[in-house]
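One-letter residues, chain by chain:
2 protein chains.
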Amino acid sequence: MLRRFAIIGHRAPSSGKINLNDLAGSSGRLDVLSRAVNTALFLSHGIRDDSQVILHLLGGPGPARRIFFEGKNVRGLHPDERAIAGQIGRALKEPVPAIGQKSELHSGFYHSGGTLEQTLAEWRKEGVSTFVLDAEGQDISEIKKIQRPLGFILSDDQPFSESDLDCIDEELRISLGKQWLQGHACITIIHHVLDQS
Amino acid sequence: MLRRFAIIGHRAPSSGKINLNDLAGSSGRLDVLSRAVNTALFLSHGIRDDSQVILHLLGGPGPARRIFFEGKNVRGLHPDERAIAGQIGRALKEPVPAIGQKSELHSGFYHSGGTLEQTLAEWRKEGVSTFVLDAEGQDISEIKKIQRPLGFILSDDQPFSESDLDCIDEELRISLGKQWLQGHACITIIHHVLDQS
Chain C
1 MLRRFAIIGH RAPSSGKINL NDLAGSSGRL DVLSRAVNTA LFLSHGIRDD
51 SQVILHLLGG PGPARRIFFE GKNVRGLHPD ERAIAGQIGR ALKEPVPAIG
101 QKSELHSGFY HSGGTLEQTL AEWRKEGVST FVLDAEGQDI SEIKKIQRPL
151 GFILSDDQPF SESDLDCIDE ELRISLGKQW LQGHACITII HHVLDQS
Chain Z
1001 MLRRFAIIGH RAPSSGKINL NDLAGSSGRL DVLSRAVNTA LFLSHGIRDD
1051 SQVILHLLGG PGPARRIFFE GKNVRGLHPD ERAIAGQIGR ALKEPVPAIG
1101 QKSELHSGFY HSGGTLEQTL AEWRKEGVST FVLDAEGQDI SEIKKIQRPL
1151 GFILSDDQPF SESDLDCIDE ELRISLGKQW LQGHACITII HHVLDQS
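Just so you know, the sequences run in chain order C and Z. Quick note, the first sequence lines up with residues 1 to 197 if you use our numbering. Quick note, the second sequence lines up with residues 1001 to 1197 if you use our numbering.
I should point out that these hints are in silico values taken from the structure, not numbers from a laboratory. Glycine included, C-beta positions come from ideal geometry on N, C-alpha and C. Accuracy of the hints is not assured; some may be wrong.
To be verified - Facing chain Z, from chain C, some residues (calculated, C-beta under 8 Å): (1) Ala24; (2) Ser26; (3) Phe42; (4) Asn73; (5) Arg75; (6) Ser175; (7) Gly177; (8) Trp180; (9) Ala185; (10) Ile189; (11) Leu194; (12) Asp195; (13) Gln196; (14) Ser197.
Looking at chain C on its own, in the form it has when it is part of the complex:
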């Protein structure tokens, strides 16, 4: 069953040129997003074909862009931060596609317009059960019982914004414990729990 991970990049650039030598600084914490992509998709030797990542690049200039990596079809992607950010950088040179239009740039690698609101609307149409990572939520083991496609929403290094919270107000909250973990660590734990069920 497909596992979807939606990551919010509040300051991540949505267009233009990025500096691959400064992912954590002038590139708006693209290092955080790249580690999330790595951990959602890669096993030690191979790609998880049941995993999909959607990055939400909200940092401008211009309209927000969404980047999709689909494990089943990804080819030739290397697991290091620089390689993943380089792939994202290639999308940023293209115009942002219209909301609702998903354009393939490379095998398993797509982009589209829209924000988290659009992603959630798409997930609802696809019958996805959506969860928000929240230290105060219910225990993660609850997700094992669900027999529908699963979607998980994570923020980057910043808390959810007011606008994010408006979108996810009614979604279920799950907790991975009391520590505020890095996003890629949350993804590892979700995979681990689901791998064992």
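Here the structure of chain C is known, so what remains is to put chain Z in place on it, guided by the hints.
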């Protein structure tokens, strides 16, 4: 209780200059080691002060070098692969210290000579219970019962070598499931299990 992670970098350079733009290629998979350091040490906002990483750089030229990051004392380290590899690169310009001599290069950041054999000898002296990550081992939840300092041995993207296996022949094996996970994902799961105990 201190959590120690020993990572074997079979091809990681032990001296000389590294190319920060090619961590996954000519730098001997320093990307894998950097992600391990990130995940062992960093929370979303802060450093785990109960975690220590020892990288084993076995790729030459010259003698093997060990790099120590001690969460309790680390200052000013950024979590991205390039920043962590840059820190390692600074050690590589220095002569390899004698085995048994641990030299501090920056707060919480040390290097020393020696290989896994030396690390295990040090751990034995310190009363550390040592575990090797192995898909065929006993369930990870067993470690929660142990009331001694814990040490975990992981390989990079390659399996343990014959020489590694000679050292760890008698250590306990623990399993995180059937998938062969990336090293940093293993570290996340170990932290998660221990955080909950």
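Consistency of the hints with the structure:
no.: 1; hint: Ala24; in the structure: 4 Å, holds
no.: 2; hint: Ser26; in the structure: 12 Å, violated
no.: 3; hint: Phe42; in the structure: 6 Å, holds
no.: 4; hint: Asn73; in the structure: 20 Å, violated
no.: 5; hint: Arg75; in the structure: 17 Å, violated
no.: 6; hint: Ser175; in the structure: 11 Å, violated
no.: 7; hint: Gly177; in the structure: 5 Å, holds
no.: 8; hint: Trp180; in the structure: 4 Å, holds
no.: 9; hint: Ala185; in the structure: 4 Å, holds
no.: 10; hint: Ile189; in the structure: 5 Å, holds
no.: 11; hint: Leu194; in the structure: 10 Å, violated
no.: 12; hint: Asp195; in the structure: 5 Å, holds
no.: 13; hint: Gln196; in the structure: 6 Å, holds
no.: 14; hint: Ser197; in the structure: 11 Å, violated
Of the hints listed earlier, those the structure fails to meet are numbers 2, 4, 5, 6, 11 and 14, in rising order.
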